[in-house]
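As given, the protein sequences belong to chains P and V, one line each in that order.
Take the first sequence: its letters are residues 5 to 365, numbered as in my numbering.
Take the second sequence: its letters are residues 937 to 1265, numbered as in my numbering.
Source of the hints: derived by calculation from the structure; they are not laboratory data.
It is possible that part of the hints are untrue.
What the hints assert, rightly or not - Derived DSS-like pairs (lysine-lysine); straight-line CA-CA distance at most 27 Å: (1) V:1200 - P:116; (2) V:1200 - P:212; (3) P:327 - P:65; (4) P:163 - V:1200; (5) V:1200 - P:160; (6) P:339 - P:359; (7) P:177 - P:212.
What the hints assert, rightly or not - To be clear about the criterion: a stretch of chain P counts as covered by chain V if any three or more of its residues have a C-beta under 8 Å from a C-beta of chain V, and this derived list gives those stretches: (8) 184-190; (9) 210-220; (10) 252-261.
What you are looking at is a predicted structure, and each value in this text was computed from that prediction instead of being measured.
Here a beta-carbon is modelled for each residue, glycine too, at the ideal position from N, C-alpha and C.
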Amino acid sequence: MKNRRVWAFLCDLALCVGLLTVGSLPGSGLSGISTAAPVAVPSPVLINAAGATFPQPIYSKWFDTYHQQHPDVEFNYQGVGSGAGIRQTTEKTVDFGASDMPMTDQLLADAKKNLGCDLLHFPTVLGAAVPTYNIPGVTAQLKFTPESLSNIYLGKITKWNDPAITGPNPGVKLPDTDIVVIHRSEGSGTTFIWTDYLSKVNPEWASKVGHNSSVNWPVGLGGKGNEGVAGLVKQTPGAIGYIELIYVIQNNLSYGLVQNSSGKFIKADLASVTAAAATANMPADFRVSITNAPGNAVYPISSFTWLLIPSHIPDGTKRDDIKGFLKWMLTDGQKYTEALAYAPLPKAVVAKELKQIDRIQ
Amino acid sequence: MASSNTAVGVRLPSAPRGRWRWLGGTKGVDLIARLVTLLAALSVLVVTVWLVVDLWQKSSLPRHQFGFRFLVDRVWDPVFGHFGALPFVYGTLVTSAVAMVISIPLGVGAAIFLAELAPRGLSDTLTFFIELLAAVPSVVFGVVGVFVVVPWVRTSFGPLLKDVLGFTPLFQGPDYGVGFLTAGLVLSIMVLPFIVSISREVLLSVPVELREGALALGSTKWESTWKVVVPTARTGILGSIFLALARALGETMAVTMVIGNTPKIVASLFSPGYSIAAVIANEFTEATGDLYLQSLVELGLVLFGVTLVLHALARLLVSATAQKARGAV
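Chain P on its own, in the form it takes in the complex (with noise of 0.2 Å):
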């Protein structure tokens, strides 16, 4: 009796996955009337893109207001990190992908030959590191000039009180205790705009150290994304890092003043950091560094952060919809921003930029 029923049970559960197998075949009878109902509504084209984690928050806002105005499109971002997003959009996993680094010659040439076709480089908004510190009974805003932060970085720099910190800074009192060096301890593009930076001051750095995501620190503590660092730097007396711009507008923090290549002291802000990109050197493939740009009230240590777009998209209305966002995101788009403290795009990138919408094909 009981093997009788335990059968009648497996023979139910193999007719269950028979028809599931079945209802789920492209084209069979099933799985047509369950999609034939609700034929009114059009499905929106879904674009897939991943990448960069810095930029997301004003993504997603671009994104959900272009699928607003246009529900035919609806775009799926997943913040995965620079790195990934580079690699998934070479690997053809998603339609586009987004990147804090430009791409480097080696992986443009590697994403041609997997796509077939160039791989297109679009500036969206702008990104700063700022330095952010802990000193017992020091409330002032200091100002750092390139020496004193690649030294401080490079380990050389060990005591608060060093002349080349204390030297730009007449009338504060800095204490005779160990700097602390914190730094992002995972891959980001915040760290790379900083060793950018210290790489075009500090010749020394730029042999040893070099500039990426993420580097061989010579000194100091990690700390996990900026509420690592900014936490570290809050717990620990005598401890600098860096920090994104955003985080410390959002959250309030104090932080330094940097030496620009004019000699000038510059906070940064919106204003300084599109400054930077109006200043710098535009090349026709938008592949720009503008850490350390020319201009009196230009903050060195900024950087752009791009769209990596394939110059042909075989799917012509995906091809559309992209090319159609990406004209709304330099115009339209530029305004929401601010909100969210991002530096919008000076005219001049947002022109250029227009023009290289035309090679999509």
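Start from chain P and add chain V according to the hints.
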């Protein structure tokens, strides 16, 4: 958990014979049950083998370029493409060791109290809370670590250790609050529930007759617990410890939040360090270039190897103590 064949009372009326005996004979349901459970058991094996093969294949670049140097090199430099795993292996082993040193006595002690000495109601209540600890996501432990343990180590515990044990190389140098010691402390709290709840179950499963026998021979409650019950449950307790160790070796989130994330090999426990799991989680998403990415994959392979070696050693230890116990009887 010393099981013996004599304890198995009932045999099937028609015990199958022949080559396919292990399949349980051809009686309908039995056969199906055998096959289904066999499939389940095999799937574990398949996943493990597939994992190793996959990790092996996807790390071919650094394996060819660095060879065994990968295991002993101390430099991890993504900019210049120079990768070595030693500081990460060191950090993984040291933090796990610290965690085990703290959690083994605490966990086994708690299990003995809960199983043998505490009243049943209290024991069940406490066990419930301890098992609840196992359900807390690791990022929560990380946050508690950052906001509670790190300042405590920097301002109170660290200076205390320096005063008392400062003469040993383990407790010297500047104390930032983050480092091997803090990571080990946080890990010890995380693995504690594994040791306590499994050890308690194992102790409870020791037959009452053994306790009664010991008491009848004139031993005190503690003597019967320590000399009879605990040795009987030894294998299971060791099993719980190895499970805890495996968790400690692979823990990622909580460790990366409090270890300082600096690939260094320093004797001082106050020093910031790095662990294998932490560096993979930190750098995988932003890694560009094949060599960099594959070096991270190879780190995963190394972590697998470390776990395997420790587990093999653990097995040897278990069988050795089991033999010793058998010899003693």
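Going down the list of hints, with the structure as the test:
1. V:1200 - P:116: violated, 39 Å
2. V:1200 - P:212: holds, 18 Å
3. P:327 - P:65: holds, 18 Å
4. P:163 - V:1200: Distance of about 22 Å is within 27 Å: holds.
5. V:1200 - P:160: holds, 19 Å
6. P:339 - P:359: Distance of about 20 Å is within 27 Å: holds.
7. P:177 - P:212: violated, 33 Å
8. 184-190: holds (count 3)
9. 210-220: Holds, because 8 residues of the segment 210-220 of chain P bring their Cβ atoms closer than 8 Å to Cβ atoms of chain V.
10. 252-261: It is violated, with 0 qualifying residues against the three required.
Going through the hint list in order, the structure does not satisfy hints 1, 7, 10.
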